[in-house]
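A.B. asks: Each chain, letter by letter, is given below.
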Amino acid sequence: MKFRIYRYDPEKDAKPRLQEYDIPLDSHDRMLLDALIRLKTVDDSLAFRRSCREGVCGSDAMNINGKNGLACITNLKTLKEPVELRPLPGLPVIRDLIVDMSQFFKQYHSVKPYLVNDTPPPERERLQSPAEREELDGLYECILCACCSTACPSFWWNPDKFVGPAGLLQAYRFIADSRDQDVNARLDNLEDPYRLFRCHTIMNCVDVCPKGLNPTLAIEKIKDLMVKRTV
Amino acid sequence: MVAGVDKRPVGAHYGLRDWLSQRVTAIVITLYTLLFLGIVLWYGGMDYAVWKALFASNAFRVATFLFMAALLWHAWVGVRNILMDYAKPMGVRLALDIVVIGVLVAYLGWMIQVLWGQG
Chain A
0 MKFRIYRYDP EKDAKPRLQE YDIPLDSHDR MLLDALIRLK TVDDSLAFRR SCREGVCGSD
60 AMNINGKNGL ACITNLKTLK EPVELRPLPG LPVIRDLIVD MSQFFKQYHS VKPYLVNDTP
120 PPERERLQSP AEREELDGLY ECILCACCST ACPSFWWNPD KFVGPAGLLQ AYRFIADSRD
180 QDVNARLDNL EDPYRLFRCH TIMNCVDVCP KGLNPTLAIE KIKDLMVKRT V
Chain B
0 MVAGVDKRPV GAHYGLRDWL SQRVTAIVIT LYTLLFLGIV LWYGGMDYAV WKALFASNAF
60 RVATFLFMAA LLWHAWVGVR NILMDYAKPM GVRLALDIVV IGVLVAYLGW MIQVLWGQG
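Going line by line, the protein sequences match chains A and B.
Numbering that gives the first Met the number 0 numbers the first residue of the first sequence as 0 and each following residue consecutively.
Numbering that gives the first Met the number 0 numbers the first residue of the second sequence as 0 and each following residue consecutively.
For the record, the hints were derived by calculation from the structure and aren't laboratory data.
Small disclaimer: the values here were computed from a predicted structure and weren't measured.
In this text, a Cβ means the ideal position worked out from N, Cα and C, and glycines have one as well.
Where hints are given, some of them may not hold.
What the hints assert, rightly or not - Under 10 Å between C-beta atoms, here's a sample of chain B residues computed to sit facing chain A:
{"hint": "1", "residue": "Val9"}
{"hint": "2", "residue": "Ala11"}
{"hint": "3", "residue": "Leu15"}
{"hint": "4", "residue": "Asp17"}
{"hint": "5", "residue": "Thr29"}
{"hint": "6", "residue": "Tyr31"}
{"hint": "7", "residue": "Thr32"}
{"hint": "8", "residue": "Phe35"}
{"hint": "9", "residue": "Arg60"}
{"hint": "10", "residue": "Arg79"}
{"hint": "11", "residue": "Met83"}
{"hint": "12", "residue": "Tyr85"}
{"hint": "13", "residue": "Gly90"}
{"hint": "14", "residue": "Arg92"}
{"hint": "15", "residue": "Leu95"}
{"hint": "16", "residue": "Asp96"}
What the hints assert, rightly or not - Calculated pairs, SDA-like style, for lysine to any residue (alpha carbon to alpha carbon, straight line, at most 25 Å):
{"hint": "17", "chain 1": "B", "residue 1": "Lys6", "chain 2": "A", "residue 2": "Pro112"}
{"hint": "18", "chain 1": "A", "residue 1": "Lys220", "chain 2": "B", "residue 2": "Ile26"}
{"hint": "19", "chain 1": "A", "residue 1": "Lys1", "chain 2": "A", "residue 2": "Gly54"}
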């Protein structure tokens with residue numbers, strides 16, 4: 000199978016290049032990650048991240064034929080050759096397909112992605128009704144692979160100011176949680192022309208999310224709540 | 000200026016206002032456009048006589064004023080959004096903001112003159 004892979008080592012290379020590979024695959028190589036691991040046996044200088052290899056850890060997010068996705072759950076049969084692999088767009092490249100996600104996680108941390116509740120914890124646990132728990136479906140499944148945020152032009156232009164779809168999905172995950180008491184502070188934190196309102200609803204995030212989540216909908220719900228408390 | 004501080008202050012506490020006003024002004028613009036199209040269809044076209052009679056009505060002038068005011072506000076939010084994305088140095092962005100405001104306010108004055116001026 001033919002591949003064209005982005006190669007760049009900032010310490011050695013003056014500029015990035017695309018390297019061509021043509022390797023025979025085994026019948027057990029079903030996903031793109033299998034092919035990458037095989038490629039690594041041919042050229043061990045190729046660098047990429049991977050861990051769980053089943054779409055749970057979010058390590059092997061990359062730009063596959065122009066669209067962000069996880070290598071481990073992208074079936075090789077769905078890919079047009081040569082398969083062009085690039086690092087996630089908009090983040091600094093550390094080496095080859097590995098990007099520096101610091102900015103992404105900084106934005107994630109800025110929304111306080113944890114439960115805030117100052118009441119004394121009950122003896123066993125804070126209970127939720129099934130309906131309250133259902134509110135969190137489509138939110139808690141996010142694996143923070145950064146496919147969505149790095150597909151978002153608003154995040155490319157303002158990665159330091161715009162929270163990005165992943166962070167906003169998580170912001171809503173805690174706003175929507177019946178056990179959280181910090182909704183007003185959370186909304187204050189996002190009431191900003193950059194942090195939330197750089198989203199212009201182009202829905203690239205929804206298009207690429209490997210878990211089938213909908214950050215745009217979460218952003219819409221945050222805006223709804225802001226309207227509700229203001230108007 | 001504080002030198003050497005690498006913090007990104009955020010939390011301007013507006014954003015919703017702009018976002019909401021852009022939607023409200025869009026509704027005003029749409030309603031006026033539909034009204035205008037309706038009038039054109041009603042008269043089966045538009046000529047100087049119809050135009051003159053239309054703008055002789057104070058109600059229509061007020062409606063036109065509302066439309067233009069909504070359009071200018073809508074444009075301000077939209078153009079500033081673009082400047083926020085692409086004009087990075089703060090001084091440049093502020094200067095461009097001022098130019099845009101100047102142009103839009105000038106349009107507003109010009110429009111009032113056209114609607115209620117002599118001749």
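A.B. asks: Compare the structure with each hint and give your call.
C.D. replies: So, going through the hints one by one against the coordinates:
For the restraint placing B:Val9 at the interface with chain A, the shortest Cβ-Cβ distance is roughly 5 Å, inside the 10 Å limit, so the hint holds. Checking B:Ala11 against chain A by beta carbon gives a least distance of about 5 Å; that is within 10 Å, so the hint holds. At about 5 Å, the closest approach between the beta carbon of B:Leu15 and any beta carbon in chain A falls short of 10 Å, and the interface hint on this residue holds. Nearest Cβ of chain A to the Cβ of B:Asp17: about 6 Å, under the 10 Å cut. The hint holds.
Interface restraint check: B:Thr29 against chain A, minimum CB-CB distance 18 Å, threshold 10 Å, status violated. Look at B:Tyr31: its Cβ only gets to about 23 Å from chain A, farther than 10 Å, so that hint breaks. Interface restraint check for B:Thr32: the shortest CB-CB distance to chain A comes to about 22 Å, outside 10 Å, so the restraint is violated. The closest approach between the C-beta of B:Phe35 and any C-beta of chain A is roughly 28 Å, which is over the 10 Å cut-off, so the hint fails.
For the restraint placing B:Arg60 at the interface with chain A, the shortest Cβ-Cβ distance is roughly 30 Å, beyond the 10 Å limit, so the hint is violated. Restraint check, B:Arg79 versus chain A: the minimum CB separation of about 8 Å is within 10 Å; hint holds. Restraint check, B:Met83 versus chain A: the minimum CB separation of about 7 Å is within 10 Å; hint holds. For B:Tyr85, the interface hint holds, since its Cβ comes within 10 Å of a Cβ in chain A; the closest pair sits about 7 Å apart.
For B:Gly90, the interface hint is violated, the least distance from its beta-carbon to any beta-carbon of chain A being 18 Å, above 10 Å. Hint status for B:Arg92 relative to chain A: violated, with the closest Cβ pair at about 12 Å, above 10 Å. Because the smallest distance between the Cβ of B:Leu95 and any Cβ of chain A comes to about 16 Å, over 10 Å, the interface hint for this residue is violated. Taking 10 Å as the C-beta contact cut-off toward chain A, the hint placing B:Asp96 at the interface is violated, the least distance being around 12 Å.
Proximity of B:Lys6 to A:Pro112 is assessed by CA-CA distance (about 20 Å); at most 25 Å being required, the pair is judged to hold. Note on A:Lys220 and B:Ile26: the hinted pairing holds, with a Cα-Cα distance of about 21 Å set against a maximum of 25 Å. Of the pairs offered as hints, the one joining A:Lys1 and A:Gly54 holds, with about 24 Å between alpha carbons and a cut-off of 25 Å not exceeded.
The earlier numbered hints that this structure contradicts are 5, 6, 7, 8, 9, 13, 14, 15, 16.
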